[in-house]
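Engineer: Letter by letter, the chains look like this.
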Amino acid sequence: MFAYILKRILYAIPILIGVNLITFMLFFMVNTPDDMARAQLGAKQVTPQMIEAWKADKGYDKALFLNKEAKGLEKVTDTLFVQESMKLFSFDFGYSDANRNIGAEIKERMGPSLAIALPTFMIALITNISLALLLVLFRGSALDTSMMIVAVMIMSVSGLFYIIAGQVLFSKMWHWVPISGYEPGWGGIKFIILPILIGVFAGIGSGVRWYRSIFLEQINQDYVRTARAKGLSELKVLFVHVLRNGMLPILTGVVVVIPTLFMGSLIMESFFGIPGLGSYTIDAINSQDFAIVKAMVFLGSVLYIIGLILTDISYTLFDPRVKL
Amino acid sequence: MKMIILKVFLFMMILEPLPADVWNNPHDSEKIATQTLFSAFSMPPKRLDPVVSYNANEWAIIGQIYEPPLQYNYLKRPYALEALTLKEMPALTYYDLEGRLVDENDAHIAFSEYRLRLREDVKYQDHPAFVKDANGTLFYGKLSEEALENIQTLDDFEKQATRHLTASDYAYAIKRMAVRQNHSPILDNMAEYIVGLKAFSQNITKIAEEKKRTKEVLDLRAYNIAGVKVLSDHTLSIRIKGKYPQFIYWLSMYFFSPIPWEADLFYQQKGMKGKNLTWNWSPVGTGAYYLVKNDPSREMVLKANPNFHDERYPSLNEEERNSSNIPRELLSDAGKKLPFIKEVIYTLEKESIPLWNKFLQGYYDASGISSEAFDQAVQISASGTMDLSSEMSQKGIVLKGSVQPSIFYMAFNMEDPVVGGYSESAKKLRQAISIAQNQEEYISIFMNERGIAAQGPIAPGIFGHLDGEKGTDKVVYEWKSGKRVRKSIEVAKRLLAEAGYPEGISMKTGKQLKLHYDATATGPDDRALMDWRRKQFAKLGIQLVIRSTDYNRFQDKVRKAKVQIFSWGWNADYPDPENFLFLLYGGNAVVNTNGAGINSSNYQNPEFDKLFDEIKIMSNSPQRQEKIQKMLTLVREDAPWVWGFHPKSLALTHLWFKNVFPNAMANNTLKYKRIDAKLRVEKQKEWNQPVLLPLVLFVLLLVLSGYFLHKLYLNRQKAVIKQER
Amino acid sequence: MSPLLSVKDLSLRVGEESLLSSVNFEIHESEIFALVGESGSGKSLTSLAIMRLLPDAISVSSGDIRFKNRSLFALPESQMQKVRGRSIAMIFQEPMSALNPVMRVGEQVAEAIRVHLDIKKEEIKDKVISLFEEVALKEPEERYNWYPHQLSGGQKQRVMIAIALACEPDLLIADEPTTALDVTIQAQVLTLLKKIREKRKLSILFITHDMAIVGQMADRVAVMRNGEIVEQAACETFFTHPKHPYTQMLLRDAIFQKEKEEMSKASEPLLVVKNLKVYFPIKKGLFQRTVGYVKAVDGVTLSIGKGKTLALVGESGSGKSTIGQAILSLVDITEGRVIFEDQNLAHLAQRALKPYRQKIQVVFQDPFSALNPRMTIGNIILEGMVSLGIGPKEKTLQDSYIKEILLKVELEAEHMHRYPHEFSGGQRQRIGIARALAVKPELIICDEPTSALDVSVRSQVLHLLQKLQRESGVSYLFITHDLSIVPMIADEVAVMKEGKIVEQGLVEDVMGNPQHSYTQQLLEAAPKLPNLGLTPEDVYNTKE
Amino acid sequence: MIMLTLLWTDIMVWILIFALIAWGWVISRSPQVKKQWHTIFKSSIAMASATVLLFYLFFTLLDSVHLRLAKTSPGQNTEQQYSEMLSLLDIIFSHNIKNTERTYSAPFATHEYVKSIVIDENGLTTQKHLPLKYVSKDDDLLSKSIVALAVGFVLSLFLILIHLFWRKGRGAFVAMKKVLKGEADLPWRTAYLTLTFLVMTFTWLYILSYSYHVLGTDKVGGDVLYHSLKSIRTGVLIGILTTLIMLPVAVILGVSAGLFGGWVDDVIQYLYTTLSSIPGVLLIAAGVLVMQVTMDNNPTWFETTLERSDLRLLFLIVILGVTSWTGLARLLRAETLKISQIEFVTAAKAFGVGKWTIIRRHIIPNLMHIILISVVLDFSGLVLAEAVLSYVGVGVDPTMHSWGNMINQARLEMAREPMVWWSLFSAFIFMFILVLAANLFSDRIQKVLDPRNDT
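Protein chains in written order, with this note's numbering: chain A, 25 to 348; chain B, 791 to 1515; chain C, 110 to 653; chain D, 31 to 485.
Derived by calculation from the structure, the hints in this document are not laboratory data.
Errors might be hidden in some of the hints.
To be verified - Listed next, the in silico BS3-like pairs over lysine-lysine satisfying Cα-Cα at most 27 Å (straight line):
1) B:Lys1185 to D:Lys145
2) D:Lys145 to C:Lys383
3) D:Lys65 to C:Lys504
4) A:Lys82 to B:Lys988
5) B:Lys1060 to B:Lys1083
6) A:Lys111 to B:Lys1063
To be verified - Covered, in the sense of this in silico footprint (three residues per stretch, anywhere, with C-beta under 8 Å from a C-beta of chain A), are these stretches of chain D:
7) 61-72
8) 130-137
Every value quoted in this text rests on a predicted model; they were computed, and no experiment measured them.
Every residue gets a Cβ at the ideal spot worked out from N, C-alpha and C, and that includes glycine.
Let the hints inform the model, and build the full structure from the sequences given.
Structural biologist: Below is the structure:
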């Protein structure tokens, strides 16, 4: 097990280098250091002297991949790419172009992101699974058919509509919750109810359909027939046998997502003014803050890889047949 | 049935603990009942360091914290400066090259000197940097990294202290400006005027570089600028090259805010930057407020500075009161000690929609009016003035409007072979386009009438701007029966034909004239805007190709004069025509200054430039007015810009928000304002009663479907196998 | 005495299609009632109907099932749940999939007890363990916490039986309980079931396709065909005096008739395998180091004569299929030689191998996966011909060649335009044979070609293979786990166990007088047909 | 004089259409696949959604033929002048392009939605709802509707008859009877009903669009119906062209990884793990930003705004394609691994059949259902993604007609009081119908083609 995890971590390193390379190339192709300087200095009058001073200040005056002036190995190492990547690998994200410590910022913003993403994820999982089980229980009935059509309809609406409609109805017209905002702690529940509800609802269509098909696949298995032959009620068959076996394929899709919950939801956070990592990322894209985007891409990849490893580990926990 | 009862009971349980009042209050409900102002910011201010800050949203914060020597009077119109930390307005004396005192109108003026006498009762906010031990050395001057370990914010320092403001703090600020690494946007400008600043800057920049390399602290007290002299603890003199009357305005800007050396050294300590303890994030000032919390991701909190010096609400004498239309209630607090509001909470609101809705719900005390919300908020009354819609006025909302000292214009690149140049045909082409751009329609569609069509570069309220026929651009408009009327499109077409493009077809090539318009169009609203723009050109038969990019690249193109037609704007730094006309001064042209200049249309007219040099050093007088009008006639003829419009800012405030008086020049207006907290609490409750019916219906639906499902399952459990025969 | 269970006039249908029509039978107390039939005959449906576990799509068009004089069909579902597992229990064919893979086996037994019996929590475990003891599961306490995948097939079936017995039912339905098991295990399970019947006096509805097992187990027998019971009789009379022609045919196909009248004498070897070893590396750890090998084939030597058939017999996992693949160069040979016509095929390059690909062909076990579902039969047969350059090149000639081949394997010429899914298992197996035959091979490796087929179809395919051998003198390497068919098809036999050949020789020698204990064990375990008292070797011996 | 000028995406669409026709021809030759499709269309839902999809495709194609119309030239010496590029759809809706109002108006309204300042003769200003310029002055909504619906009915009848004659020739009327009774082999009745409904609705909207703004006007007075119809092309293009770009990459890489194994597998796995580990939006955002820079540096690539936004759309499609192949490739690799273990592949190997032949003959045909399912599934996902990307600011050009841009703008309009709901509503309806049809159709395809659904 330990050796396996170690192996996976070692395997992750070339992937992360590749990720870095891609982002680095993309962003320096788009964003010459001059651009960054101008965006950051952002004043009414930006003189060339100011730009030069800024670049030197930030260390963006180095060569990208190959420093022709340096000697020996430094040709490669004394470059922007290697320097910046090395920092990332030690989780030193450096400073944003607004001169704030990105690492500290990420730490601070993970909370709000999780406050939305985690409950959304959990509630959605529970609702979707229970609804799916319900449909499987009444499979083939009119209820099943009509709910499946409703599910397809729910799927066919862009998430943006749900958010707009939710805000107009719940906040603007009915005064149930604040329109947007965030507050840490229990007092903040009023802010996160609506985004969570919308997040859950928007995902219900595809979620229920997916889980339903998984459970239906299970319900045709032989062991379910065995369980019925034991005299178990249909509810017990579903909750004890089908659910437990259905959880295995669900795990593959679900566990990989858990770490990326930290990244937050781009759209939701910016609509509801949640100061999480999602809105951080959007702002960074819009203001072309290379340092933040790079950090977020790196973080996203790391979390994704962690998710993959967790998926494997969770299999060993939940599926007795799998051993690492 | 049992289940239903159970569920209804559960429902009651859930409802019970909910607050009896409102559910959707986004703020701390206790603070609503106190002198706390709730406001919003859409972009987190990135730099609160007065040496670099040059943005309206940054100034809105640091304006309350820092105090430059001068400020604009809150109530007086036209805008007038008054002393803030000074005992009186600076004394101005003139010297010739030999250093002899000379008269104001003397031809030999080589220097002018401003002498600033500071008030003695001005103190800084409490800050750990000021704490000294018994020996008088800084207590937190040499913090080790371990000591910083548990420090996250300034509050984590046990001790705090204050000290009096001294003249050397202002000198220190100018020295900081000179350090290139601090990226001051006005350094290059000021170096032209302040004696010795240029040389000092070059010198200190090298020193700073060296110190950075050796990781030493840069203490600017050790260096001095020739033209900036600290005469005593509370007296400072600044020497200016030649005559530069506008300098006095600069003294009201935050670049000239006092910087205590203790804090500068404090923030330079290792490890501070990692904790976001920097000038950019933790300002130290003498103002009415100090920054308690700066979380750019969520909120910023200002609190009233207990050390704030004695400042009183301004009063006006009878004459002033009568000359300007100042509402009486603005004067009711006259003479009372400032500030009134004890705490300000700025919340991040990136989207305009939630902001507007929260304002309507009473959760923000003031709001601007986005164009979407305009016709909801504003009606035009019979007398032609803008007024609140009945819905708004029923809520007790108050409308405040003022024309901004700004201009948005569409510029031609005068270096461009097609639209540029000073030939008759090029002029006529530009004039034709100018006529075709129907600014009035633009203002109506995109600005909801919140703006006035510009007749020249100078904004209303600024010396040099004239109303009526005299202030009308005769190239584009006609004066008809007491009104300005845009010339008809036929006139434009004629001009275009005379320019060599009949019906938009070039006589030379026989092809349709195709022009390129650079824009920073990325938002959702921009498509309509671009469509409109294209239509204006299409009226002349000209095809407009729009090249939209992000703002960065757009700036870059303008700097390199790689544009043909583009739109831009200017927001005045100070209420003087020079601050507008220099946008067209040949010496500031981008092509002449290697991209550094402010004249992005590259307009160069020797006659205009000569007049500019003259008016620049004149004080306001009929002579100055005459010269300015001459200059305006010149640029209207050459038409390097399509004048565009001056935006009108409209602000809405709730009834409980008092003493609000728009002042386009002043930023530190928070201290004058007051809140009627009791009224606020009442109104918020009244406006935000939750609508319960849908909730009840929803729960009922849940209960019913639960019951239905239960029934369905029971039926299945009862199932027997039916035979078909 | 009234019967324990009576099925009266039971008819099932799905849509318009009738699945069962008027099935009638009765089961008395402590009786083993065998329901026999080939796949699709409706025997499993009958059992599911008794349990009321029929899929939703199937509806009852008529009939009733009475259990202890109560109509099961009239019970509400909630009452029926109390019958299942408590009064009527069931065990299924596939022990691999019939147990919940993520639940401890002890729990799965305990669950059944918990549903029906009011027993204290602490006692349940004891009860489960005693049940495990009863079904002869070794180390029952330890096994309680095991998961199904940790158990062997036989052990799983024992757990299934324990579940079924947990609530002391009156009737046990055993639906092909041993079909998926190896012969030796099968014998053990059958013995166990019989023992339990003796001890508990319970009735068993035994469903199977295997006549030999019927003879061994049943008190009374019913034969089903196409949803109808064609014959019902007591066991003894059933075997001695089968009445219905279908029953007669079934018995005939189950008892083997040696068609090879004349044993040709030993011929020169066509293929010689010498000391063949096929090892699969086991990779482990950080850098995927090879830490050991699975010795799938561990030093096998055998030879096949021209026009002869060598049967390779062994239980699952013995490595017999790997030998076939090694001969075809489809797996890497670790050591040893495969000599075909004086040429060592081991480690030969693909290009050099090509001529031999034509001479050695293969027929697979699963007729469903052996044919590409997206190709017509004609194209499937044509593919090999084109690839190896056999047969005519012109389209019309090719077509007639294919038709000829199809006729040869007793299919129709027009079948060449159809797709595999339109054919039954036996027909598909013929297509597979036709495909191999089309390239005129000298050796065909038959990898369990009949194990997925019904008895009657099996005998047809075997006959076909024999006919083809007679006609073209092709040799067979016949890989099988089923000892019973060996005498019918093979000249020589090799018995494999754990990658090694334990006994090898002429069929009559090995089967008639097995030397190795494993061979003896295999022969012992094979179910014997009762009436004649014949086992396969007996068949052979009597013929001699 | 008319000059045909095709945009890049036009060319791609038409290539795709011809490829589809060619594919259809191939299918019609294979009875097995033909039968599969027959099964798919046996469901009336599938038939109805296919009809809807075809209807959308029709508008896409109509909007994918761009022309330049000749203008009367002002001078003798000048060369022939052409107007800006117009698509056939633009020409059909030229009255709507021309008749732009000043600002918002509600569907079927006669006056503007917002009040404007009016100065009357006395110099007094008042606020009034100004009348719209291009709407019918008389109250003839009902009479015109009846005429329009009648025209629509006749038109659809005509279309149906053409189709019947094309299918059955002389037996058309007999077939018609069968269809009406629901006895035809396929649910043609549903298809014809759907068609009739669509055609009637559309003719109604179209004919009334001459005298009203049937779906209202937007902020600058543009007709919302026209916007919505123009947006169809953007949505459909992103949906289908992206898969066109993604497919070859995914299939080639996925299959070779699964079949060849070894280092090929390692490299391809590395490639897609790396790509898929980057959060999708960031990758797309980065790609779009690069594209913008490239386009800014090469202003000569396009002459008009239309060409520019078209090129941007093309690049967006390419970026989406490049970033979205990983999922399918992973699926195909796994499936290839599985198939290559199946005995018919072993049999082919035993016959010495070459690797490429095995891929072509045995692997790809057995992967087709996965490819097809993922194509139809991706289609609706991509249509929805366009809206989100536009919100983030990395979608299509802001000057382009697209549902994403419409929603984005409508967001601001929803905050108005009273709400301007019709833009959002139109975008919602047009998008919802397309995505719903696509989802229902893909559902059916999945049900028929996925071997797991055999039960």
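Engineer: Can you give the numbers of the hints that this structure goes against, from lowest to highest?
Structural biologist: 2, 7, 8
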